[in-house]
Amino acid sequence: MSDDQDSAEPQTLPLDAWHRAQGARMVPFAGYWMPIQYEGIVAEHEWTRTHAGLFDVSHMGQLLVSGEGAAEALEALLPGDILSLKPGRIRYSMLLDENGGVLDDLMVTNVTPEAGMPTYYVVVNGAAKWDDIAHLREHLPDEITLTHLEDQALLAVQGPEAAAALRRVFRDAIGDLKFMQGTSFRFGEIEIGIGRSGYTGEDGFELSIPAEHAETIAGRLCAEIEIKPIGLGARDSLRLEAGLPLYGHDLSPETDPVSAGLGFAIGKRRRAEGGFPGAERILSLIDSGTETRRVGLTLEGRLPAREGALVYLGDEEVGRVTSGGFAPTLGHPIAMAYVASGHAAEGTELEIEVRSKRLPARVAPMPFVPHRYYRGN
Amino acid sequence: MARYFTEEHEWIDVEGDTATVGITDYAQEQLGDIVFVELPAVGSTVEKGKDAAVVESVKAASDVYAPISGEVLEANGALEEDPALVNSSAEEEGWFFKLTIADKSQLEGLMDEAAYKSFVDGL
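Protein chains in written order, with the UniProt record's numbering: chain W, 1 to 377; chain V, 1 to 123.
If we strip away everything but chain W, and leave its shape as in the complex, we get (with noise of 0.2 angstroms):
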């Protein structure tokens, strides 16, 4: 048996303790000490997908980004419509390279409070997020402000029962929060920000809260009969069943947004006016389209095909798997790959080799299992 493990000094999260308590099994990811399961990939996926689970994600970066011209200077980094982002409002962007690669993909929400100086809160992936914190060092503005809230903890509560037990925890905290709206409240003392959105394709929010409160909201959130703490190993499934790419994974600085299917988080204004990093090579790729597609694969059996297998039609070698898996909702594996473009089509059937073995291949819409977000009546 063999198992790859970070070599590096991991460093604890603020729930570190009340994860171990809980049973967690802890690996070390992105830097950290990170539960992976508690009971199991499998169960805690299916509880996920039918009541609600509990993530800490607080290995991930949270930003604010504050001061007059907050929003234009944002917008110099990356390719989301940031001017017209409202006040609550959350919106899907990336950071880009001068060549349109992605260095990291990103949540913004605008948190600027009435009649005060603009401000985003910007949530990074953990792995990225010192590349992502000295980026923004460099390139923002001096007038423009960076904080990094590494004394946030930062919760996602997600699965179909999520708003209901949250609603009765904070009462009527969440109010009419639609997806990808967010806003902040006190819980007693605890100031805590809110955001509808998430990783799992599951109606659920998002809870940044001071660290030296999360042990007690993680315990309160748990207490209710829907919530159990979730570990990274269903993360993982349940955001590949939703279609959802992985920063490192599906997108790098290899990949560009065209490419990788992320053209709706180009605002039109943007695709208009140009301006971000690696605009005119973007612009371009979605007028020529691009050489490879990132596409949905659906395979037969139970083997599943894993990052770095090569997908062929034929004797041709025509994309490459960048994150796959077994779906437990499906009950059969999945795969997320860049194809060459001509062989993307949906339904078009083509092979992966695992282990010397050619496994057949469809190409199926993502997402693989329906979104289930609230976006009101």
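FYI, nobody ran anything at the bench for these hints, they're computed from the structure. Watch out, some of these pointers could steer you wrong.
[Said to hold, decoys possible] Simulated pairs of lysine-lysine, DSS-like, Cα-Cα distance not exceeding 27 angstroms:
id	chain 1	residue 1	chain 2	residue 2
1	W	K268	W	K86
2	V	K117	V	K104
3	W	K357	V	K98
4	V	K48	W	K357
5	V	K50	V	K117
6	V	K48	V	K117
7	V	K117	V	K98
8	W	K178	W	K86
9	V	K50	W	K357
[Unchecked claim] Across the chosen pairs, the derived CB separations fall in these ranges:
id	chain 1	residue 1	chain 2	residue 2	range
10	W	E317	V	D82	32 to 38 angstroms
11	V	A84	W	E138	49 to 55 angstroms
12	V	K117	W	N377	57 to 63 angstroms
13	W	E191	V	G122	41 to 47 angstroms
14	W	G376	V	D82	42 to 48 angstroms
15	V	G109	W	E150	34 to 40 angstroms
16	V	E7	W	E138	45 to 51 angstroms
17	W	P367	V	S44	38 to 44 angstroms
18	W	R375	V	L73	58 to 64 angstroms
19	V	D82	W	G314	29 to 35 angstroms
Remember, predicted model here, so these are calculated numbers, not experimental data. Glycine included, each C-beta is placed from N, C-alpha and C at the ideal position.
Please arrange chain V on chain W, whose structure you already have, making use of the hints.
Relative to chain W, chain V alone:
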């Protein structure tokens, strides 16, 4: 019948000139939910310390090494239908394959149950 264990968390039951190989309960627990087991072909030879099987859990693929060298006599067909047998019964029904024992002296370096237990306790 004697049961031996490896530091790579395989068990091996020796009965005369043949042996049965599987992974330990500790190993299945570390791997988590097992969704697929790739077993060696009957008639193929496996070599001590070299890859003999692959276990796919939800999170990753892991190699299983042959604890001794020999020729594969039988692979556990039940794992094809129900790979989760490895989770529910790693050290009995979830066995992987049976093989001939090419060289009995290869058994000498392996642990017995008590030694394996203290090995695992020390991890």
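Assuming the hint says 42 to 48 angstroms, is it satisfied by the Cβ distance from W/G376 to V/D82 or not? Holds: the Cβ-Cβ distance is about 44 angstroms, inside 42 to 48 angstroms.
At the C-beta level, are V/E7 and W/E138 separated by a distance inside 45 to 51 angstroms? 48 angstroms, holds
Straight-line alpha-carbon gap W/K268 to W/K86, limit 27 angstroms: 16 angstroms, holds
Honestly, do V/G109 and W/E150 meet the 34 to 40 angstroms range at C-beta? Given range 34 to 40 angstroms: violated, Cβ gap about 49 angstroms.
27 angstroms Cα cutoff - pair V/K48, W/K357: 24 angstroms, holds
Given the proposed pairing of V/K50 with W/K357, does the C-alpha separation stay at or below 27 angstroms? Holds, because 19 angstroms separates the two Cα atoms, which is no more than 27 angstroms.
Given a hinted range of 32 to 38 angstroms, is it respected by the beta-carbon distance of W/E317 and V/D82? 34 angstroms, holds
Cβ distance range 49 to 55 angstroms for V/A84 and W/E138, holds or violated: Given range 49 to 55 angstroms: holds, Cβ gap about 50 angstroms.
Take a look at whether the Cβ-Cβ distance between V/K117 and W/N377 falls inside 57 to 63 angstroms. 59 angstroms, holds
Does W/K86 lie within 27 angstroms of W/K178 when you go C-alpha to C-alpha? 14 angstroms, holds
Holds or violated: W/K357 to V/K98, with C-alpha atoms at most 27 angstroms apart: Between W/K357 and V/K98 the Cα gap is close to 23 angstroms, so the pair holds against 27 angstroms.
Given a hinted range of 41 to 47 angstroms, is it respected by the beta-carbon distance of W/E191 and V/G122? Because 45 angstroms falls inside the window, the suggested range holds.
The structure shown violates just one earlier hint, number 15.
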